[in-house]
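Undergrad: Below are the chains, spelled out letter by letter.
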Amino acid sequence: MGNCLQSVGCFTCLPKNTNIRPSFPAVCFVWQIAMIILFGVFIRYDAESDAHWPQYKKSHNITSDSENDFYFRYPSFQDVHVMIFVGFGFLMTFLKRYSFGAVGFNFLIAAFGIQWALLMQGWFHSLDYTDGKIKIGVENLINADFCVAGCLIAYGAVLGKVSPVQLLVMTLFGVTLYAVEEFIIISILHAQDAGGSMIIHTFGAYYGLAISWVLYRPNLDQCKRLQGSVYHSDVFAMVGTLFLWMFWPSFNSATVYHGDGQHRAAINTYLSLAASVLTTMAISSLFQKKGKLDMVHIQNATLAGGVAVGTAAEFMLMPYGSLIVGFFCGIISTLGYIYITPFLEKRLKIQDTCGIHNLHAMPGVIGGIVGAISAAAATEHVYSSEGLINTFQFEGPIQNRVPTVQGGYQAAAMCVALVFGIGGGILVGIILKLPIWGDPADDGCFDDEVYWELPEDEESIPPVLEYNNHMTNKHRDMSQSSFSVEQS
Amino acid sequence: MGNCLQSVGCFTCLPKNTNIRPSFPAVCFVWQIAMIILFGVFIRYDAESDAHWPQYKKSHNITSDSENDFYFRYPSFQDVHVMIFVGFGFLMTFLKRYSFGAVGFNFLIAAFGIQWALLMQGWFHSLDYTDGKIKIGVENLINADFCVAGCLIAYGAVLGKVSPVQLLVMTLFGVTLYAVEEFIIISILHAQDAGGSMIIHTFGAYYGLAISWVLYRPNLDQCKRLQGSVYHSDVFAMVGTLFLWMFWPSFNSATVYHGDGQHRAAINTYLSLAASVLTTMAISSLFQKKGKLDMVHIQNATLAGGVAVGTAAEFMLMPYGSLIVGFFCGIISTLGYIYITPFLEKRLKIQDTCGIHNLHAMPGVIGGIVGAISAAAATEHVYSSEGLINTFQFEGPIQNRVPTVQGGYQAAAMCVALVFGIGGGILVGIILKLPIWGDPADDGCFDDEVYWELPEDEESIPPVLEYNNHMTNKHRDMSQSSFSVEQS
Amino acid sequence: MGNCLQSVGCFTCLPKNTNIRPSFPAVCFVWQIAMIILFGVFIRYDAESDAHWPQYKKSHNITSDSENDFYFRYPSFQDVHVMIFVGFGFLMTFLKRYSFGAVGFNFLIAAFGIQWALLMQGWFHSLDYTDGKIKIGVENLINADFCVAGCLIAYGAVLGKVSPVQLLVMTLFGVTLYAVEEFIIISILHAQDAGGSMIIHTFGAYYGLAISWVLYRPNLDQCKRLQGSVYHSDVFAMVGTLFLWMFWPSFNSATVYHGDGQHRAAINTYLSLAASVLTTMAISSLFQKKGKLDMVHIQNATLAGGVAVGTAAEFMLMPYGSLIVGFFCGIISTLGYIYITPFLEKRLKIQDTCGIHNLHAMPGVIGGIVGAISAAAATEHVYSSEGLINTFQFEGPIQNRVPTVQGGYQAAAMCVALVFGIGGGILVGIILKLPIWGDPADDGCFDDEVYWELPEDEESIPPVLEYNNHMTNKHRDMSQSSFSVEQS
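Protein chains in written order, with this note's numbering: chain A, 1 to 488; chain B, 1 to 488; chain C, 1 to 488.
Hints listed in this document are in silico derivations from the structure and should not be mistaken for laboratory results.
A portion of the hints provided could be inaccurate.
The list treats identical chains as one, so a pair stands whether inside a single copy or across any two.
[Said to hold, decoys possible] List time: in silico BS3-like cross-link candidates among lysine-lysine, alpha-carbon distance up to 30 Å:
#, residue 1, residue 2
1, Lys16, Lys58
2, Lys290, Lys16
3, Lys133, Lys349
4, Lys346, Lys133
5, Lys135, Lys58
6, Lys346, Lys135
All of these numbers come straight from a predicted model, not from anything done at the bench.
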């Protein structure tokens with residue numbers, strides 16, 4: 001049994017300083033104060049959330065409060081919000097002893113990230129040049145949640161292996177990179193990406209994978225003790241999976257233009273996800289002995305259809321088109337868990353705790369390709385001329401763009417997402433490799449003990465070796481008490 | 001101790017072939033491909049989700065995108081979606097060792113069922129005769145979720161006793177039967193059933209009970225090992241209960257006509273459910289020694305009010321009327337768990353894992369009766385003439401129908417639901433009895449081990465082998481193992 | 001080891017009669033029947049949920065069903081509903097062995113409370129003087145949920161220490177007091193309190209704390225056995241935390257006037273909550289050895305920002321103002337858990353199971369003060385004259401009121417909330433001290449065993465005494481071990 005406690009002489013298992021007391025509170029305070037100052041200087045309410053709305057309504061001939069964007073967007077916003085905090089958070093609780101870190105640090109990243117995203121995205125997209133202020137409304141809140149989603153995807157790759165300070169640094173840079181990448185894709189290339197297959201998933205996944213590659217831990221596989229799940233942690237993870245799955249139609253439609261676009265995006269996503277479930281279950285059963293299903297696949301690959309239909313969600317993909325996308329992504333994603341994750345770890349030195357390569361990277365790239373092809377194939381017959389303009393926003397600077405050209409720009413957008421993800425990830429990974437962030441030693445990975453006060457009497461984690469009597473935590477405890485029983 | 005391992009010679013405990021490798025992936029693939037082909041041939045977007053919506057708006061004098069049905073229905077749709085996937089899924093996680101199967105197979109059934117339901121219901125209700133295509137929008141998605149609810153109710157009766165292949169077969173036929181039954185009730189009888197007391201609950205429950213009757217396992221009671229709950233599995237089940245309870249007002253109002261009908265359906269359901277909670281708790285306490293509450297009742301019977309107010313939800317039932325319905329259904333449903341479930345099992349040979357007879361069958365029938373009576377008693381004074389037409393859709397072919405006649409048609413609808421449920425269930429049960437589906441032997445029932453790869457180190461399930469008769473619980477266990485370690 | 005079993009001779013550990021069989025079912029039945037009668041006499045649908053809506057629409061020149069209040073309010077209502085039942089319920093599941101009581105009694109209180117609140121609030125606010133009936137619509141449902149929130153907050157202080165009958169009594173009086181207090185604050189003082197910092201949180205918290213003070217149990221600290229959490233109960237509590245956190249923007253905006261007010265309230269709450277998360281984490285880490293985070297803080301103090309921004313949510317607080325409120329409340333609330341809760345228990349004899357003083361009382365008072373100051377500082381420049389009238393409802397009897405005066409009324413409202421909370425709590429506490437309610441002895445506190453049938457084979461509660469080695473399960477365990485103690 002190659003076991004971490006036996007290799008106690010090796011470098012990686014030397015106890016590391018994981019005390020985050022000076023650094024973590026300091027970073028939280030300083031950054032939160034910085035947010036307050038920047039918000040004070042830059043951020044104000046937009047026309048629809050400002051008390052001047054009654055005048056605005058009159059001056060814009062709006063007859064009803066139901067035309068306030070709040071009523072078009074808020075239900076979708078709340079669904080997206082649930083995905084970010086409960087969906088991503090609980091999806092990562094599957095590890096037997098990292099549920100606090102999964103749901104707690106997810107909470108931390110998201111709460112900081114949305115503030116910084118409001119600023120970064122605001123400067124690029126919502127700056128009112130008349131007074132130099134960023135004007136925010138419900139759509140900005142959705143976009144901030146989207147932006148944070150990219151960082152949470154990246155968290156999936158390094159789950160259990162980094163300190164909360166590292167996560168905050170990763171989020172700071174992640175949001176910044178995202179905002180620039182998004183600006184290039186949306187405002188310069190004028191590509192469409194309603195559900196963020198490229199902007200969110202491809203970027204986020206490669207950002208996380210590149211960081212994980214730089215932070216490679218060669219001896220991690222000797223510390224398998226905490227890398228699996230237990231029965232109830234898998235059930236908790238299904239809470240995350242299901243809230244992501246159910247609300248994904250809201251995610252992909254949340255910022256689409258009002259009316260048929262938003263409606264269609266929800267339908268396409270609903271269908272693509274349904275198809276993913278069946279093919280995920282099929283492949284999972286096909287590749288396990290006796291046809292047994294693997295919870296890891298069900299928790300993750302069932303969502304691949306939602307990722308892959310992100311870019312094209314608002315297009316006239318047709319219901320069967322959505323099913324086809326979900327069909328193939330369920331297969332590819334599940335096969336990824338079976339073959340590609342081990343390959344990445346062994347050959348490419350990429351340790352991907354949650355398998356984000358299978359759930360976000362590959363389906364994200366497929367989503368970008370589907371988007372490019374379906375944009376290039378758009379016709380006036382299918383969309384109507386007005387529909388074509390609405391859907392692809394062929395107006396203003398790109399009013400003469402045609403679908404085939406749009407397809408090219410969509411493909412270019414994919415490249416931008418990849419470059420920002422991989423390049424940014426390597427850069428940030430190098431920063432995170434500095435020995436100042438309080439990250440855990442190899443045998444502290446995947447263990448809540450390192451950063452959390454744990455309840456004293458604990459359940460069910462079998463001690464690694466009972467004769468090992470320098471164990472320090474709760475496991476220690478339990479074996480101890482059985483000792484005494486015998487001695488008496 | 002009559003124990004399954006002791007009766008190992010009996011037929012039912014002979015190991016069965018539960019290998020679903022050739023069959024399960026094959027069924028998933030073939031059916032999903034069939035869905036893609038059928039969707040390709042038949043399904044398109046409806047006017048409100050098609051890119052031609054701007055023209056449609058103009059031609060129909062619709063001034064605002066907020067009139068798109070998406071904005072009336074989507075929030076309710078999402079609530080219903082949560083009920084289907086999290087509500088039903090987690091409600092069934094109460095068994096100590098069948099949470100994966102509960103939430104995972106629920107996911108499978110629903111994901112396949114909604115696709116097939118879009119087709120089946122589409123042919124009956126949304127076929128555009130000009131081009132032979134089914135046109136879908138958000139209301140179709142809600143109806144597909146409704147249809148699947150019927151099959152998930154049926155799953156509750158056979159939970160833990162069937163294979164996933166059997167579940168898929170059950171869903172295929174269940175959705176088909178549902179669509180025909182719904183067509184007869186809605187389009188031929190012109191009965192009202194907003195929340196589906198008859199169409200969904202009565203049908204689904206008797207469908208499941210009939211199947212369970214045909215699949216009766218006479219020696220199942222000798223294998224009680226896994227039939228109960230553990231503490232945390234009961235808490236997980238409360239996640240299901242509460243999401244069902246909270247969103248039931250959305251369920252019953254989701255497809256009601258816009259305006260007062262939808263508003264009233266939500267209020268009636270909210271009230272009926274509240275009353276159910278109090279009477280459930282009262283009866284649960286009254287019939288247990290020392291007045292202790294039973295989690296099984298709280299998890300289930302508190303929902304009976306929502307089932308029973310389904311048909312009449314949009315009627316002018318009056319707030320006190322809703323309370324009365326909830327009052328009695330909480331009582332009846334809880335008494336069902338105490339007296340009727342054991343009776344059904346012993347006398348009628350119906351094994352009903354989740355007690356769907358108490359939660360869906362009885363309250364469903366009561367709901368149908370309440371609907372028939374309150375329809376027959378409707379007056380112009382209470383509804384206004386326009387309100388009467390709106391509520392009962394006395395227009396087109398039934399424009400001369402009067403409330404008393406409507407009451408008769410409502411009663412007829414109940415009979416249709418019963419006939420389809422019982423008849424269909426027996427038929428499908430016979431099919432499922434064929435020895436080709438990979439269903440578990442009696443001692444593999446209620447055990448995730450059969451169809452799932454389980455995490456290696458596990459919590460708290462008492463070992464199968466009884467010859468070790470001084471083991472007391474897992475902790476004991478662990479100290480046992482440390483014993484051996486030290487002794488060696 | 002100061003242990004309850006050793007102090008078995010003391011008064012408080014004498015077995016108490018916790019049999020609630022005659023009383024609990026009786027109270028449930030009688031009160032539910034009373035509700036039905038009162039609803040029958042008093043409650044009807046309002047104009048927007050009555051079948052006469054088509055006429056009402058015509059007579060009020062409403063052109064679209066999307067103007068029905070249902071479509072403005074229902075999504076927020078459902079979010080609030082989730083907070084009440086899942087949010088509050090699961091937040092309290094953190095105790096290792098009181099999850100059934102947490103989520104089950106929360107369910108009971110809320111289901112009874114909303115009915116009684118519809119009546120009490122109805123008499124004060126929705127009485128139609130033409131026919132003496134209370135007319136209810138979706139806004140009444142939201143307000144009933146709000147009212148119940150006050151009682152659930154109070155439940156947090158006495159969690160695990162009272163019987164369900166006591167909880168029902170507490171709810172009956174709590175709702176009554178709330179309705180009067182609300183009437184004084186809203187209709188007499190014309191103070192604003194959109195998210196209920198004063199009406200809900202300050203009142204509810206002091207109501208609960210006063211009750212807990214009267215019901216002080218001096219020997220409770222000798223029974224620490226069940227007062228902590230276990231790993232998975234903490235994860236369950238995070239389900240509650242996150243649903244509260246995510247939907248708080250809906251809570252604070254749910255009853256705000258349509259349009260910009262509702263929009264702004266959501267934005268302010270979103271931001272305040274985000275800031276709370278960072279400062280909570282910072283303080284939690286700063287005050288623990290090695291900088292480890294404490295789950296109790298993360299579960300609770302992260303929500304303080306939502307409480308504190310309640311009153312001022314709809315004001316032009318500005319995004320940075322919201323961040324500042326959240327910033328300080330995260331700090332204060334976390335420090336409360338570290339320093340004030342132990343102080344309250346030791347010095348003031350207030351045992352506050354969930355720490356509601358830190359999460360609701362202090363942030364509630366801060367929220368009232370923020371509201372008073374920001375109301376007093378309101379200017380026409382910031383709000384526009386029409387916006388000022390909309391926001392503060394300077395119309396009818398208070399059409400000449402100015403912001404500075406409004407600030408004074410806001411402060412007066414805070415005093416009303418405090419007086420009702422403390423005074424009402426002492427009164428109700430005295431009633432609950434009567435020895436007729438079936439409350440548990442000290443060593444039955446925090447134990448589901450007292451009021452619930454528990455599953456037989458149980459997880460993970462360490463046996464009280466290790467030398468007892470023929471224990472078979474926990475129940476066995478406990479009786480066994482108390483036996484042996486006495487015998488020894």
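Undergrad: Hint by hint, say whether it matches the structure.
TA: Verification of the hints:
{"no.": "1", "hint": "Lys16 - Lys58", "verdict": "neither (64 Å within a copy, 68 Å between copies)"}
{"no.": "2", "hint": "Lys290 - Lys16", "verdict": "between (43 Å within a copy, 13 Å between copies)"}
{"no.": "3", "hint": "Lys133 - Lys349", "verdict": "neither (45 Å within a copy, 51 Å between copies)"}
{"no.": "4", "hint": "Lys346 - Lys133", "verdict": "neither (50 Å within a copy, 51 Å between copies)"}
{"no.": "5", "hint": "Lys135 - Lys58", "verdict": "within (20 Å within a copy, 32 Å between copies)"}
{"no.": "6", "hint": "Lys346 - Lys135", "verdict": "neither (48 Å within a copy, 49 Å between copies)"}
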